[in-house]
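**Q** Chain by chain, the residues:
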Amino acid sequence: MCVMWLGQADDVSVMGAKAANLHRLASAYRVPPGFCLTTAAFAQWQAEGEPDSVPLTVQPALIHAYRQLAEMTASAAPRVAVRSSALDEDSRNASFAGQYESYLNVAGLAALQDKIVACWRSASAERVQQYRQHAHLEIVTRMAVLVQILVPADVSIVAFSINPITGSRADIVINANWGLGESIVGGLTTPDSYEVNKSDLTVRIRKNGAKERMCIVSPTGMHTVSVPRPMRSQSVLNAAQIREIAKLTRDLEATMGWPVDIECAYKADTLYLLQCRPVTA
Amino acid sequence: MPHTLPIPADFPVQWADPNDAQSLWQYHSTYYSAPHTPLEFEIYMQRVSEGFKIENPFFLCRCLRLNGYFYETYLFHETPSENIETLYETTISPMLATLADKWEHEYFPVIRQELTRWETFDVQHATLMELVAHLDETMARNTTLFSFHDRLVCPAILAMSQFEDLYHDLFGAEEDGKLHQLLHDLETHSLKSARDLWRLSRQARNMPVVRNILLETPVADVLAELAASDEGQTFLAGFNAYLRDYGKNNQHLFYLTSPSWREDPTPVIQNLKNYAAQPERDFSAENEQSKHARAQALAECRARLADYPQPVIEKFEFLLRVAQVGTFLYDEHVYWIEIPTMYHTRQLVLALGQRLTETGVIQQGDDVFYLTCAEIRQSASTPGTALHAIVTERRAEMARFATLTPPPMLGTLPDENASAPINPFLESFMRLLGIPLPPSEEPDTLRGYAGSAGIVTGPVKILQRPDEAEKLRPGDILVTNTTTPVWTPLFASVAGLITDAGGVLGHSAVVAREFGIPAVVGTGQATSILKDGQIVELNGNTGQVRMSKNQGGQA
Chain H
0 MCVMWLGQAD
10 DVSVMGAKAA
20 NLHRLASAYR
30 VPPGFCLTTA
40 AFAQWQAEGE
50 PDSVPLTVQP
60 ALIHAYRQLA
70 EMTASAAPRV
80 AVRSSALDED
90 SRNASFAGQY
100 ESYLNVAGLA
110 ALQDKIVACW
120 RSASAERVQQ
130 YRQHAHLEIV
140 TRMAVLVQIL
150 VPADVSIVAF
160 SINPITGSRA
170 DIVINANWGL
180 GESIVGGLTT
190 PDSYEVNKSD
200 LTVRIRKNGA
210 KERMCIVSPT
220 GMHTVSVPRP
230 MRSQSVLNAA
240 QIREIAKLTR
250 DLEATMGWPV
260 DIECAYKADT
270 LYLLQCRPVT
280 A
Chain Y
0 MPHTLPIPAD
10 FPVQWADPND
20 AQSLWQYHST
30 YYSAPHTPLE
40 FEIYMQRVSE
50 GFKIENPFFL
60 CRCLRLNGYF
70 YETYLFHETP
80 SENIETLYET
90 TISPMLATLA
100 DKWEHEYFPV
110 IRQELTRWET
120 FDVQHATLME
130 LVAHLDETMA
140 RNTTLFSFHD
150 RLVCPAILAM
160 SQFEDLYHDL
170 FGAEEDGKLH
180 QLLHDLETHS
190 LKSARDLWRL
200 SRQARNMPVV
210 RNILLETPVA
220 DVLAELAASD
230 EGQTFLAGFN
240 AYLRDYGKNN
250 QHLFYLTSPS
260 WREDPTPVIQ
270 NLKNYAAQPE
280 RDFSAENEQS
290 KHARAQALAE
300 CRARLADYPQ
310 PVIEKFEFLL
320 RVAQVGTFLY
330 DEHVYWIEIP
340 TMYHTRQLVL
350 ALGQRLTETG
360 VIQQGDDVFY
370 LTCAEIRQSA
380 STPGTALHAI
390 VTERRAEMAR
400 FATLTPPPML
410 GTLPDENASA
420 PINPFLESFM
430 RLLGIPLPPS
440 EEPDTLRGYA
450 GSAGIVTGPV
460 KILQRPDEAE
470 KLRPGDILVT
480 NTTTPVWTPL
490 FASVAGLITD
500 AGGVLGHSAV
510 VAREFGIPAV
520 VGTGQATSIL
530 KDGQIVELNG
540 NTGQVRMSKN
550 QGGQA
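Quick mapping for you: the protein sequence lines, in order, are chains H and Y. Going by numbering that gives the first Met the number 0, the residue at position 263 of the first sequence is 262; the numbering climbs one at a time, nothing skipped. Going by numbering that gives the first Met the number 0, the residue at position 64 of the second sequence is 63; the numbering climbs one at a time, nothing skipped.
Every clue listed holds true.
Ranges between beta-carbon positions, derived for each pair:
(1) Ser225/H <-> Pro435/Y: 23 to 31 Å
(2) Glu441/Y <-> Thr72/H: 51 to 59 Å
(3) Asp113/H <-> Phe107/Y: 56 to 64 Å
(4) Ala73/H <-> Lys52/Y: 55 to 63 Å
Hints are computed from structural coordinates only; laboratory data are not their basis. Even glycine gets a Cβ: it sits at the ideal position worked out from N, Cα and C.
Chain H extracted, bound-state conformation (with noise of 0.2 Å):
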C-alpha cells in the first residue's frame, strides 16, 4: 500500500513517526486531513534509482488521494504542507526535528509531485546521514512522506504540558504569535507566553511578546513579515483562546501517557492540532 490516510490506517509502522502521531490523534482530535506515502513508495523510488518523478506505480493512488483533498476542501488544486516523515524521527529518545524537508503552500499535482520526490531526496542528504550517526542509529533509511491541507493560520501556538524550563509538571506553557507556527519555532522573534495552571487552567504569568516578525504562505512556500506595529502590543489570544489550547494540551498528555510537545493553530475559531511529539528530555 502506498498511499494511507491519517485516521484510517491500520499500519503504522510504515507511516513514520510523524504521520503515525497525527494518525493517532486524527480520529479523536480536529487535524487537518491529509494522506501518507508509505516507506512502500520511497523504497520503490530508491529501487528504480532516485528517478525525478513520482513512480508510475504510485501515482495512480497519489492522484486518487489529492483529489480527495480536493472534494473535502471544495477547491481544484488545495493548498498542501509536504512533510518528511521518518521512522525513527519524533520518537522518545531523539527528536529529528527540523532535520528533514518541510513545503508549505504546495498547490497542483506537479508540484505536489516534485515535493514529494524533494522529501525523498533529503533522506538521502549527507548531513542526515551524520545525524544519524552521531546518534547511533542504523544507516539504512525509511520514509514516508506526510501531505496534509496547510491550515493558513491566523494565530500559532507551541505549547508544553510540562515546564520546559523548570521542569514543573504542574504547568503547561504556552507561546502564541501571528501566522504560521515557523517563526516560534524557528525563534524569529519572542512569541506571546502564557503559564497556565495545569490543574484548573488559570493563567498564572502571562508576558506580551515583542511579536516583531510572523511567517505567512506565500506562492513560494512560506516567508517571514514585519507583524504590523499596531499588532506587535496586541495579545494574539483572547482568555478562551488560552484555555482551549492549554485544555488540548493536557488532554494530549494524558492520551499519549507522556509530556507532549505540540503544535497548533487558530484559523479563525476553530483550533486546528499540527503536531504533537514527547518532550526531549
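Here the structure of chain H is known, so what remains is to put chain Y in place on it, guided by the hints.
**A** Same frame as chain H, now just chain Y:
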C-alpha cells in the same frame, strides 16, 4: 537638570502663581503672532484651553497671557511601558473604533444645536442686558464646542499615524504615494470652498468684462467696478452667494478683532484674482482620476494581503477606515468649531460695542475689544460711566506689546537627560509636526519629506501670512513656515509648495495632495535659505528641493 529659562529684559514676566515658573510655556508665532486683548483672552482663548482638557486622556493644557501674548503649557500623561498594552486596549482602540460613530451621533448633533442657538439669536435687536447674558452663554458655548476639538483631533492623529505604521510595515516605506492615495478625496467644507471659488473664477474667465476687471483692477476697487456693469452685477450675484456659504471664514483664526470674509471680502477677492490668472484646469476630471487611482490602490493592497492572517487583514481594513475618517475630521472640524465660534463671538462683541457706543461708555465700536468682561457687565447694569480713559490706556499698552519679540519658551525646560514620557498621542503628534531631517549632503539641495508627488520647476515666493496672496503669480512655488486651513484657497494659485515645518500627514501635505500640486514639507529652513524669485526644482517624489544659481530677482 531642569533648566530655568532666563526672562528677557525687554519681556518682563511676573508669575501670578509662582508654581507656573516650573512649567514650560510656549509661544507659537505661526498661530498666535499678535498679542490678544484681555477680552479676546478671556472670552475666547481661555475657553479654547478649557475645552481641550475635557475628556482628554492624553494631556492637560493651560494658558497664560504674558505681555499680551498667548502662552500655553502642556502636561502629557506618562504611561509606564508595561501598561502600554492596556492603554491601547482600554483607551486608544475604543477611541478609534468609536470615532466615526461618536462624530455622527453624539458630537455633531450637539455642535449643530449649539450653532443653531447662535444663528437664531438676533444680535441686532437684542437689548444690552440680553447681549450681556448672551455673552456668558457664548463663553460657555465656546468651551463646549472646543471640548469636541481634541475628542476629534486626538483620535484622528492617532489613527493616521497607526495606519501609516501598519502600511509601512506591510508594504514598505517607499509606497507612501499609495498610502496617501487611500486617504484621499476629502469632501470637506474648506476644500469645497476652494473648488467653488475656482468655479466662480472659470465663470469669470468666460465673461469678458468681469475677466478684465479681475485681471487688471486693484483688489480694493474690484467690487465697485463689478457693480458698474450688468455683466459685473450678474457675476456679483454668484459672488455674494459664495459669501453667504463661506462668509464666516476668517484670515486670522483666534483673533476676534479680525473681520470675517462677510465683513471684509478682500482676501476672497484676492484669491479670486489669483485664480482667474491661472491656466485652465479641470478639478472634476482630476477628482475622478483620483477616485479611480484610490480604488485601484486599495484593490492592490487587498490582493497583496490575501495570504495574510485574517486578523492582519481586519486590522488593515479597520485602521484604513478610521484613518479616512480621521483625515476628513482633521480638516472638517475647523468648519464646525474654529470658524463659527470666531464668527459668532465677534458678532456679539461688535453688537455690544455698538450699544456701548450709543450709551457713551466707549467712543467707537472697536473700543469694546479693550474692555474686560467685568467692565462690560458693569456697564450694562450700572450705565453712565464712561470708560474712555481705560480704553486709551489699554490701546497704548497693546501697541507697546506689539513691538515686543516674545521668546518662544519661558519657564523651565525639562531635564534633557530625562527620557521623553511614553505617550502614544505625543509620539504621533510629533510625527505630524515633522521630525527634523538631517540636512542633505548634496550641494544646493534642501531636504524635506515627500509631501505630494510630482516635480515642478519655478520661481519661489515666500509668504509669512495668507494675506500676502497678492504677491503670487501663476507658476510660483509657495514657500512658507507651515500652512493652516486659512491657507487652503492659496493652494489653487501655486504650482508647488515648500514648508519649513510639518510631516506627510500634516495640513500642508494633505491639502497639496488634494490639489494635486507637488510639495516638500518639513525642510527646516526653506523660508530663510530661499529668496523670492529664486528658481528651484521641487521634487515631491523624493522630498528634495534643488536650488539653481539663478537668483531670479523678481519681487
